[in-house]
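Need the complex rebuilt from these two chains, each delivered in its own frame; the hints are there to steer you.
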Amino acid sequence: AQSVSQHNHHVILSEAASLELGCNYSYGGTVNLFWYVQYPGQHLQLLLKYFSGDPLVKGIKGFEAEFIKSKFSFNLRKPSVQWSDTAEYFCAVKSGGAQKLVFGQGTRLTINP
Amino acid sequence: EAQVTQNPRYLITVTGKKLTVTCSQNMNHEYMSWYRQDPGLGLRQIYYSMNVEVTDKGDVPEGYKVSRKEKRNFPLILESPSPNQTSLYFCASSFGDRPEKLFFGSGTQLSVL
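In order, the protein sequence lines correspond to chains F and Z. For the first sequence, the tail end lands on 117 under this note's numbering, and the numbers increase by one without skipping. For the second sequence, the tail end lands on 785 under this note's numbering, and the numbers increase by one without skipping.
It is possible that some hints are incorrect.
To be verified - Between beta-carbon pairs, the in silico distance windows are:
| hint | chain 1 | residue 1 | chain 2 | residue 2 | range |
| --- | --- | --- | --- | --- | --- |
| 1 | Z | Asn-700 | F | His-14 | 33 to 41 Å |
| 2 | Z | Ser-783 | F | Trp-87 | 29 to 37 Å |
| 3 | F | Pro-44 | Z | Lys-689 | 29 to 37 Å |
| 4 | F | Ser-7 | Z | Thr-677 | 28 to 36 Å |
| 5 | F | Leu-17 | Z | Thr-687 | 38 to 46 Å |
To be verified - In silico EDC-like pairs for lysine to aspartate or glutamate, Cα to Cα no more than 16 Å straight-line:
| hint | chain 1 | residue 1 | chain 2 | residue 2 |
| --- | --- | --- | --- | --- |
| 6 | F | Lys-104 | Z | Asp-728 |
| 7 | F | Lys-53 | Z | Glu-772 |
| 8 | F | Lys-104 | Z | Asp-769 |
In case anyone wonders, no lab produced these hints; they're calculated from the structure. Beta carbons: idealized from backbone N, C-alpha and C, even for Gly.
So here's chain Z without its partners, still in its complex pose (with noise of 0.2 Å):
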């Protein structure tokens, strides 16, 4: 089955402990890429990677860093979170560049105490 996986569902933590959220997807897919989601604010562009070892900030991409080594996993790392980091955060995938070809993830929801 098609699809985009993130772990973990669900994290709490507190601020300045470093942590990663995983994001894999199984259709070898170029295009990968990271949104928060903040109520009325809608979904904002963190980073996006458009093949291996190429990455780029999005709209957001402060107090983020990404990689991306292998064509299948782009994990988002948090190197010292702070509580306005808390938000549902998106992973996505697609064949080159098509927002209508677009895969999500299931989400991630992160509270920073």
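Okay, chain F solo, but in the shape it has when bound (with noise of 0.2 Å):
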């Protein structure tokens, strides 16, 4: 069955500092894979995603996504974190075809000022 991992559970960074979530799933087709955010006391939203194409996408907020398709994964990146991206960040593929959104655990970002 089709399975989304994320490894880091728990992120803790400083401001500045970068950051890197890794993402790695399981179904070997085509694959739609995007990064959702959920702030604090609110819903889901779409940060970015990646159908085909440039295997680097940007998303909103600074944040960027790598598809590499010969590891199975799609690890979201930020060069310099503020304060405000303290959330949860899901990563979460959607097999060709398939009519199910797949979810992995999703990993919490505090950033200390």
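What follows is the structure, given as structure tokens:
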């Protein structure tokens, strides 16, 4: 069955530090990949997505992610984090033709000012 | 304002007492879905609906029912709640099955004692 793994459960950084959150998936066919963010007390919002083309995709608020097909990975990055990036981040995968979006376990990011 | 409205926001109940969590969207979306969010497990899909009178099971449908009699409403019904259904529930909707366009509700925190 299709699965998504986020290896970092809780990441704590200081402001201005660089961020990389890991995401690996198990499906071998065509995939659509997503990162969602959930700020404290709020609902999920789309951060960025990958469907095809350039494997380096840019999203909102300075986030980017790189799709590496050979590694089945879609890691999220940000060069310099801010206190306002404190949130929970979810990676999600939708395989081609499937009607189901599969989420990873989530990574809680805490940014200390 | 485009939105997905869930009610109630918080609910505490006892084992076996039937309850309904309502979900309503004002965007004329065909696709609606219910997720539960649990620590360390991320979001898991309970049920989804591609259109009126069309519903299907997600990954964790046991103990839940849904109905889609009208396009705007997609209630989640727990006929006999149990403590393992204590969770944070999210409703979401979109035009077609398009994760990048999903609108999420604000969530319902359910505690079953």
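Here is what the structure says about each hint:
{"no.": "1", "hint": "Z/Asn-700 to F/His-14: 33 to 41 Å", "result": "holds, 39 Å"}
{"no.": "2", "hint": "Z/Ser-783 to F/Trp-87: 29 to 37 Å", "result": "holds, 31 Å"}
{"no.": "3", "hint": "F/Pro-44 to Z/Lys-689: 29 to 37 Å", "result": "holds, 30 Å"}
{"no.": "4", "hint": "F/Ser-7 to Z/Thr-677: 28 to 36 Å", "result": "holds, 32 Å"}
{"no.": "5", "hint": "F/Leu-17 to Z/Thr-687: 38 to 46 Å", "result": "holds, 41 Å"}
{"no.": "6", "hint": "F/Lys-104 to Z/Asp-728", "result": "holds, 11 Å"}
{"no.": "7", "hint": "F/Lys-53 to Z/Glu-772", "result": "holds, 7 Å"}
{"no.": "8", "hint": "F/Lys-104 to Z/Asp-769", "result": "holds, 9 Å"}
This entry satisfies every hint, going by the numbered hints stated previously.
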